[in-house]
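Participant: Chains X and S are the protein sequences, given in the same order. Numbered per our numbering, the first sequence finishes at 618, counting up by one with no gaps. Numbered per our numbering, the second sequence finishes at 618, counting up by one with no gaps.
Keep in mind the hints are simulated off the structure, nothing from the lab. Check the hints yourself; a few may be wrong.
Since the list can't tell identical chains apart, any single copy or any two copies may satisfy a pair.
[To be verified] Cross-link-like lysine to aspartate or glutamate pairs, in silico, DMTMM-like; alpha carbons within 25 Å at most:
| id | residue 1 | residue 2 |
| --- | --- | --- |
| 1 | Lys368 | Asp173 |
| 2 | Lys492 | Asp564 |
| 3 | Lys368 | Glu457 |
| 4 | Lys591 | Glu312 |
Protein chains: 2
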Amino acid sequence: MTEAQDLGFIDGCRAIAGAAHVLTGDDCAPFLTDWRGRFTGSARAVVLPGDAAQVAALVRLCARYRVPVVPQGGRTGLVLGSVPDASGDAIVLSLRRLNRVRSVDPRNRTMTVDAGCVLHDVQAAAAAHGLLFPLSLAAEGSCTIGGNLATNAGGTGVLRYGNTRELCLGLEAVTAQGALWDGLRGLRKDNTGYDLRDLYIGAEGTLGVITGAVLKLFPQPKAAITALVALGSPADAQALLALAEAACGPTLTGYELMSDVCLRLVAGHFPALPRPFPARYPQYALLELSSHESERHGTALLERAIEAALEAGVARDAVVATSIAQSRALWAIREHIPLAQAAAGKNIKHDIALPVSRIADFIAATDALLEDAIPGVQVVCFGHLGDGNLHYNIAPPAGIAHDDFLLRQDEVNRIVHDSVVAFGGSISAEHGIGALKRGELARYKSPVELGLMRALKAALDPLGIMNPGKIL
Amino acid sequence: MTEAQDLGFIDGCRAIAGAAHVLTGDDCAPFLTDWRGRFTGSARAVVLPGDAAQVAALVRLCARYRVPVVPQGGRTGLVLGSVPDASGDAIVLSLRRLNRVRSVDPRNRTMTVDAGCVLHDVQAAAAAHGLLFPLSLAAEGSCTIGGNLATNAGGTGVLRYGNTRELCLGLEAVTAQGALWDGLRGLRKDNTGYDLRDLYIGAEGTLGVITGAVLKLFPQPKAAITALVALGSPADAQALLALAEAACGPTLTGYELMSDVCLRLVAGHFPALPRPFPARYPQYALLELSSHESERHGTALLERAIEAALEAGVARDAVVATSIAQSRALWAIREHIPLAQAAAGKNIKHDIALPVSRIADFIAATDALLEDAIPGVQVVCFGHLGDGNLHYNIAPPAGIAHDDFLLRQDEVNRIVHDSVVAFGGSISAEHGIGALKRGELARYKSPVELGLMRALKAALDPLGIMNPGKIL
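Just chain X, with the same shape it has in the complex:
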């Protein structure tokens, strides 16, 4: 692009979004660095449109000038999916001004929202109608629902309510040609042609830009009961899950696994947090049960399941929270694991999924492979066991500097991801691919699957302007 063309393009952006909403030069900086601060890209401009029609007009302009478009929500992604590359060719298209809850339909249990709504605001708008939007994850105060949809975000409520994909009934999106597709249907059944909705969901902005969505809401449970159960092994954690699911059915809404390594890490860095058990155990499960009847009903049901597990020798000890404060304190242990890890120094992270039945075998096998390769290596393993999703993070052996250890990232990734694939798992459970795991995707996907994905990309974005360098 010549300088004159560039000026013409920027003027075009200003004409569409208003001059105040087109940032250039140093003003772009807050939009260019990823959440963990590992990479800073460059952009021709950052444009903040005010509505979906402006998004469509901007994409048409970008198509005309062949300018790459990097859609951006709350910029909380963990795989470099929402920041531009270093070339400076792209614009960042920030959706943050599209932040209206358009409507709530309590009788249909749906809500229609702009893509730039912050997840926490979506949850609050549902709660204001006595309803639940169950998507819940650490970044909920900053991430946007559009980003959650683009990455098919997971979190702690998937066991009962599914991923973001399952929480969306309808979608509005701008195609790579800049056409506005209105698929904002609030229907629980609709078999009229190809499933465009689920194609845009999880595509990380590489096929188009999500501008709005119809979300599924749920009746608000009357009480949530939390328990922490001490266990001898990951196999016991699997057995307890099966037992709790059979006893509690859909009232079991959360099931998290944490190893003793995780609890010690949290205790070391956050000594004010409670230590629930006088003794130490190899593993712990955090259970959440939601009752639509009463707190008493939920507590009795969860206690019965845990007593059965203690009697069967599956569980070794347990605490059931008797107040909201106690429940929060138990969750706080789980939520402080990533913070404690960050405080302890850099580590090599993996967001993996496995069949639930293979978790224990995977952990045993992969721990051993890592110990063989790097004696003394520390595995910090926790996650959403109910969904088969582990955050299997690797820290250096004592005495090895964290930065030196990071140089072995490729070697560690190969051991872990080869093992994941051997156990029938996924190298990205809930974070997506972005630019970070693009090489890993190419390595592990079959040629048939890669070919199908490339055919879809070429069909829907023939100019290749939508978030290039992400996923494929």
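Starting from the structure of chain X, add chain S where the hints point.
Facilitator: Using the frame of chain X, we list chain S on its own:
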């Protein structure tokens, strides 16, 4: 194709599937007529491959000879999706020999099956492990899981468990080029690229052939409780649904609506079935609650919800089944509506979905439009109200012959479907498009959405050999 080419093609089919599994001439007849007997097509041959590799080889052969492929499961579809057109160009590719349950993983709550497994056999295989596969519909003794997936079948369990789409974790499919895609992953989280699974699901065989699937299983509830509630209006049915959902949460697993017209029709044609109430009421709701605790727990919970509805004036009368036989008898009333309609003569059927909140207004408005156009017309309206899915069927006024009435099908469809779209609904909730509703799809979908669908079809099936004339 010359005669010699045709012989070469048929020989090729025999070489792949075995001569005994390639039918020609009159032997094809049982595969050519649709379930309701409204249309009989013609085929070059019916081929019954024995495994997915043979399916792939057959599709490659068809691609080479440019022979259209019509995938067929149990042939129970209602929209002419699985029978060939009259040209005789296509082969029918019957999946019925692919009927193995490949494996069950109870701890992962998944089952891997061939596409040709009959739904009832899938349910039974899950039950043999104490687990539930919740897809349930009238044709379950004949339909195949591959057909359920290809049409994203709905049924009576959607309120709690979702459509077939939500019950499938992984897929195996043969592309239009005859490549075998192995996406048989049993994972509850997997964000590694585009959602190919959901693209093949619901595509009615127009993008490829589904040959296998990993299905989600659920803990088996300990008891299912059924109740029939008499109501004053569709608006009361909506109010009762909201009340029951708030009180029962996810234990409410079924919610069906039937009008008094439906009950009188059933009573007239099946006088041996019970009449649950001494008086008549305008509408009835059939509720099913599933308890993971006990029959006593489930009954008490459902009775509390119904008592609250009676006190609030939302419900007028109610019976809660006290035995499995009573429960079956209540369901039998619901299940006999389509049979009673068939016995009464031909009618004009609509399988529609609406936002649950708009059902009552839709029924009132559309009933009035039809009465204006055709005085005395009979609306036989029932369906899965919990999912917003109505079977809104129209029978002739008294004294008008059914065959004469059918001549007004286009006029009736226009009134009903225009109204559906005006109320934000779908012209096909759970049956799909097939060849039958292709014109309606083209009429009601936006140019943007049709353009996206055509781009996907051209990208994945550039030769246009996969089930041509269906959907698009």
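Participant: Each hint should be assessed against the structure and marked as holding or not.
Facilitator: Tested hints:
For a Cα distance limit of 25 Å, the shortest separation of Lys368 from Asp173 qualifies neither inside one copy, at 47 Å, nor across copies, at 61 Å. Proximity of Lys492 to Asp564 under the C-alpha cut-off of 25 Å is restricted to the intra-copy arrangement: shortest distance 22 Å within a copy versus 60 Å between copies. For the identical chains of this complex, Lys368 and Glu457 are inter-copy neighbours only, at 21 Å across copies versus 29 Å inside a copy, given an alpha-carbon limit of 25 Å. Taking the shortest Cα distances, Lys591 and Glu312 sit within 25 Å of each other both inside one copy (24 Å) and across copies (23 Å).
Going down the numbered hints, you'll see the structure goes against just number 1.
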